[in-house]
Amino acid sequence: KQEVTQIPAALSVPEGENLVLNCSFTDSAIYNLQWFRQDPGKGLTSLLLIQSSQREQTSGRLNASLDKSSGRSTLYIAASQPGDSATYLCAVRLDQGAQKLVFGQGTRLTINP
Amino acid sequence: DTGVSQNPRHKITKRGQNVTFRCDPISEHNRLYWYRQTLGQGPEFLTYFQNEAQLEKSRLLSDRFSAERPKGSFSTLEIQRTEQGDSAMYLCASSRYRGPIKNTGELFFGEGSRLTVL
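Protein chains in written order, with this note's numbering: chain A, 1 to 113; chain B, 114 to 231.
So that you can see chain B by itself, here it is in the shape it has in the complex (with noise of 0.2 Å):
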């Protein structure tokens, strides 16, 4: 069990880029979470996979953001024109769901990964 793994930690860009991030769950985790995170703020929900189906996507999620799980293990969270509003940590977390009895809703987070848009 190596943790979730977020790639790249950081990403510099200019306005206008396209950029995109990976995020390796843990394991056997079939729930996979996209949040993001200001500076000084608590992280936000942006979109969740149950396997490869997205299941959910939050408002803050707008037509410039595109995540996708295709297979049920890794994930990438995509920005096409990038805006300087984009900069924010980008963090990853998975959980495993057993059920409604025994899912705790446990989650675990990686390391994030920064976006700082020029």
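For reference, chain A alone in the conformation it holds in the complex (with noise of 0.2 Å):
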């Protein structure tokens, strides 16, 4: 069974840092993952999505990288901001055939003004 796990559950930093967000999973067979972000009482918004033969995406201050071998996947953010502020949640797909992602619980992050 394929288990996401992020660490740490909750982030605090102050404006302007560099920082990285962890996702890892049990079963490296994954076809992709994606990275979403949430707002508290709202839906997921897409933040980059991964390819398994791929091993890094990047849209603005944002990248992402994928290690299948090792079953982990980072989200850094560069130069934060405050509005950055919100749960970041990463979610695998087991194969092409599977419809269902399979979510970590989250990341929720604070950046302090």
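No wet-lab data here; the hints were simulated from the structure.
Be aware that one or more of the hints could be misleading.
Stated by the list, open to error - With a Cα cut of at most 30 Å, we get these calculated BS3-like pairs of lysine-lysine: (1) B:LYS124 with B:LYS170; (2) A:LYS100 with A:LYS1; (3) A:LYS42 with B:LYS184; (4) A:LYS42 with B:LYS127.
Owing to the predicted nature of the structure, the values given are computational and were not obtained by experimental measurement.
Work from the hints to combine the two standalone chains into their complex.
See the structure below:
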């Protein structure tokens, strides 16, 4: 059974710092991995999608990496801003035929001005 | 493209009542998914449709839950005889399946429908 873990559960950093969020998964045979952002009481916003054949994806100040062999992904946020405060979730799709995403519990990020 | 739309955004009901949520996916998205999220947890898969066909259901979807997508466009999720344990955020997502070669598998989520059962 695929399990996804995100550590830490909560993180608080001063504005302007670079930071890394971690995601680990138990079964390395994944199809892709997706990072989402969730604001309180809101739905999920897709940030980055990494296919199993890729090592990383970048969008603006965000960079996500994937190491399938070690079952890890990281989300790097450069020059953090208060507006980055949210919960960040990672999710894996097991294979092309599998339709469900398996989510981690998320990391609640607070950027202090 | 207006994104995935869900209604109502918030529903408060008494235990034992029936509730229905609606999801309008992104136009031209042929796949539609329902997830449930409880406080402090990541979303959990409930079911998904390709066009009008419901192709997979989670064991989380008890007999009191039913989902439909009658014309392959919008979908409804009905919960009968609600229980306090049904209180959660119900999230809908959609994606465009273009075949095994072109399919990215990226999901787009709506704002969710929050259910509170008193």
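Against the structure, the hints:
no.	hint	result
1	B:LYS124 with B:LYS170	holds (24 Å)
2	A:LYS100 with A:LYS1	holds (13 Å)
3	A:LYS42 with B:LYS184	holds (27 Å)
4	A:LYS42 with B:LYS127	holds (23 Å)
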